[in-house]
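All residue numbers for the sequence shown refer to this note's numbering, where the first residue is 19 and numbers rise by one.
Simulated from the structure, these hints should not be mistaken for lab results.
There's no promise every hint is true.
What the hints assert, rightly or not - The calculated BS3-like cross-link candidates involving lysine-lysine, where the alpha carbons are at most 25 Å apart (straight line), are: (1) Lys209 / Lys219; (2) Lys161 / Lys240; (3) Lys103 / Lys161; (4) Lys56 / Lys118; (5) Lys103 / Lys175.
Bear in mind the structure is a predicted one, so any value in this text is a computation, not a measurement.
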Amino acid sequence: KLFAKTDKLYTKKFEEETNLRCHFILDQSASMYYPEVKSPSLSDLDKISFSALSIASIMQLLSKQRDAVGLSIYDEELRFQATEKGSSSHYSMIYDQLEKCIQYPQVNTKTNTYQFLHEIAEKLKRRSLVFLFTDLFQPEVSKADLFEALRHLKYNKHQVVLFHTLDYKTEVEFDFDDTPKRFFDLENGSKIDLQTQQIKKEYAQKMSEFIQELKLTCSKYKIRYVQADIREDFEKILSTYLIETQKLKS
Numbered sequence: 019k020l021f022a023k024t025d026k027l028y029t030k031k032f033e034e035e036t037n038l039r040c041h042f043i044l045d046q047s048a049s050m051y052y053p054e055v056k057s058p059s060l061s062d063l064d065k066i067s068f069s070a071l072s073i074a075s076i077m078q079l080l081s082k083q084r085d086a087v088g089l090s091i092y093d094e095e096l097r098f099q100a101t102e103k104g105s106s107s108h109y110s111m112i113y114d115q116l117e118k119c120i121q122y123p124q125v126n127t128k129t130n131t132y133q134f135l136h137e138i139a140e141k142l143k144r145r146s147l148v149f150l151f152t153d154l155f156q157p158e159v160s161k162a163d164l165f166e167a168l169r170h171l172k173y174n175k176h177q178v179v180l181f182h183t184l185d186y187k188t189e190v191e192f193d194f195d196d197t198p199k200r201f202f203d204l205e206n207g208s209k210i211d212l213q214t215q216q217i218k219k220e221y222a223q224k225m226s227e228f229i230q231e232l233k234l235t236c237s238k239y240k241i242r243y244v245q246a247d248i249r250e251d252f253e254k255i256l257s258t259y260l261i262e263t264q265k266l267k268s
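Build out the structure end to end from the sequences listed, making use of the hints.
What follows is the structure in structure tokens.
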């Protein structure tokens with residue numbers, strides 16, 4: 019039409035709208051502040067710092083597309099919740115919350131994953147890519163209840179990724195030197211003295227069984243399970259994000 023009116027050629031430019039919505043869920047209970055890190059660095063992080071930096075890294079990629087992001091932070095309470103928005107001020111607010119998680123450790127706060135995953139799922143009305151960062155340490159809740167809460171996140175066809183955030187060397191393999199150790203429960207303050215080598219095999223077997231059951235359940239509900247080892251870099255986290263966004267947009 020322009021050519022007919024002006025006898026000049028024009029190139030039509032447009033900006034594609036991706037409409038991607040991403041919601042991050044972060045477990046901020048006391049167990050996520052393990053292991054104790056005196057001088058934090060990218061090669062020496064506790065679980066909460068690894069998770070917060072992972073979220074911030076993904077947000078850097080999302081910001082280039084001006085996609086909408088949201089964040090929920092919980093322990094024994096729902097500490098923070100922000101719906102998905104794409105403004106620069108909204109991004110800044112979320113970065114600020116992530117920084118507070120790192121700077122102000124929670125002491126003796128328990129995990130209420132079961133309750134708050136249900137609450138968060140109910141509030142996610144539009145189809146979103148959901149990233150959950152947690153160590154899933156909540157022994158007082160049955161596995162059936164925990165798995166039901168994970169399944170609820172699939173409500174409204176959300177695409178869910180569980181980043182099982184652990185220090186795999188010590189929390190899964192129970193790899194400590196052969197000297198007596200005193201272990202403290204970060205969520206209730208209890209303690210126990212152990213000779214680690216005496217229970218290492220049994221502990222590792224039970225953790226392996228739990229992780230395997232978790233993987234199978236996630237597969238059943240079409241939730242992507244990712245082992246997020248805090249001793250590794252962020253390559254697995256970012257590559258998972260790239261794969262999942264392509265699935266969501268296809």
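(request) Enumerate the violated hints, using their earlier numbering and listing them in ascending order. (result) 3
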